[in-house]
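Produce the entire structure from the sequences given, and follow the hints as far as they go.
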Amino acid sequence: MPADFTLRVESNEDLGASYHLLKLSSGIDLPRWDPGQFAMLSLGDRQDPLLRRPFSIYNLPDDSAPRVVQFLYKPLGRGTALLSQVLPGARLEALLPLGRGFRPARRGGDQIVLVAGGVGIASLHPLAAAEARSGSSPLLLFGCRTAAEVGGAAPTRALGIETLIATDDGTEGVRALVTELLDAVLVERGAANKILCVCGPTPMMKAAAGVARRHGARCHLSLEGAMACGFGVCVGCVVGVHRRGAGEIIYVRTCIEGPVMEASEIAW
Amino acid sequence: MVSAPPDLSVVLGPLTLSNPVLTASGTCGYGEELLPYFDLSRIGGIVTKSLSVLPREGNPPQRLAETPAGMLNSIGLQNVGVDAFITDKLPLLAKSGTAVIPSIFGATTEEFAELAARLDGPPGVAALELNVSCPNTSRGGVEFGVDPESTRRVTEAVRRRTKLPVIVKLSPNVTDITLIAQAALDGGADILSLVNTVFGMKIDVEKRRVVLASGSGGLSGPAIRPIAVHLTNRLAQAVRAPIIGIGGIGCAEDALEFILAGASAVQVGTATFVDPCATPKTVDGLAAYCRRHEVAAIRDLIGGIRRNRGGTGRAPG
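Residue numbers (the working numbering), protein chains in the order written: chain A, 1 to 268; chain B, 1 to 317.
Hints listed in this document are in silico derivations from the structure and should not be mistaken for laboratory results.
Straight line, CA to CA, 30 Å or less: simulated DSS-like cross-link-like pairs of lysine-lysine:
hint, chain 1, residue 1, chain 2, residue 2
1, B, K281, A, K23
2, A, K74, B, K207
3, B, K95, B, K163
Cβ-to-Cβ under 10 Å is the rule here; a few derived chain A residues that face chain B:
hint, residue
4, M1
5, P2
6, Q47
7, D48
8, L51
9, R78
10, A226
11, F231
12, C234
13, G236
14, C237
15, I249
16, Y251
Residues of chain A placed beyond 10 Å of chain B at every Cβ, according to the derived structure:
hint, residue
17, G89
18, P155
19, E257
For glycine and all other residues, C-beta sits at the position ideal for the given N, C-alpha and C.
Written as structure tokens, this is what we have:
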């Protein structure tokens, strides 16, 4: 059951290449969360900007009664720029855990392929950690603009996970879009036993869904939508899905039915 | 000596509320999403997401945009339809201990009348709010609410089909809100609520595109509060009917501006998006204010602006 918690900022570090890691602590036990679930974070007691911001939870719950929650983010907009200025000791309100995370249905021999575009690694990292913890061997495909940004994947690689890099300028890994890299990997290694878990900019996820469809691979996307509340009442963050048969689109709330959804049902 | 707790109950014509703070339509779903966060009996009432005769899918995304101290929305009244509301949502709400006020929306006068008839019967409905002021639909909505004669006709059609108290929600997007209000009262409205959202638009100058898929939307949040307080004050001086104030209310002090301006009750809207407990916290804040100012009953504050020295206290135009 989600609830609203007042959390203390333990650290808010610049990791380089504009990646920031925010660590928050709670004085009381927090509910456990799944990889891919998110929180709505306040930016302090202010009316402008007014709304809380959704962030994927970066860490796994550390035990049955977790008290530490982490977020990886980039200051891209006004809200995240303000967040990057928050100092240790400050208090933030956090509504959590929200939404549906990654719960891929597994068969024996299946392999999770994490496909991350830039800071999209934030929602995939806890899944990688859960996989590593359970002794599985996931594969990480990480795409970004240039070598300097590859550091965003460093904590995930440090879990000992096989990682392939694609950069726009070819300064590290292959010079390609991460979705082109994904296509090549599926050609080379086969798609039948792969479960793709994808998070990144919307055009990248749309492209990944297309690659998955062509290969017949199972594919889960962690979506984002312009969101005011995060708990279902604003009905702003909807995404169109095919559920009632050909041609007909219905709108479902990303914050309730997502953010993780099956790629095959998204009406792009 | 321990003083008695302040009396927060209010009477709005035929509608009595345990306290004057309700949720605003379109900001609380049908109540169920709020259940994890607070006991609904703590608040004066819940005004549901607007219901139509048939379910509606609403507008394509992008539906929201943040703006200075506020936000724009263009949801397009996505809702489950009145039948599913009565079957699936109302039974739970009716047991919640708060006043349940379905908001209704029709594309035609006949649809408004049909909705009123359908909701006059199932147990647990305290009143109806007529959404004649939604800015985000191609037919109906604000089309009715900007024209006095259409407002009167819709209200009258609803009045004929229900014994429930009828609230008409007014749009701020009019030249003279008192004319629309009077038309609603002439049609048989018991209570007026104001304001719905203010027309607004946001443009992404880098992309040179409108941000909302529908172009324009409705502005809400603290940015519109002074507009809403002004219109509440103006309406309170023009009509005798009870008024529910709406617009950027997020705490007791905000609510009190409307109450002092002449509202008998208020609705908390966009603030719920920021804090799911904004409505019950506003109730608690009103009780604290009454204790601090030794006010025995909140109704004693309705319309209670003190006159400025040398001023009239009246709103211009």
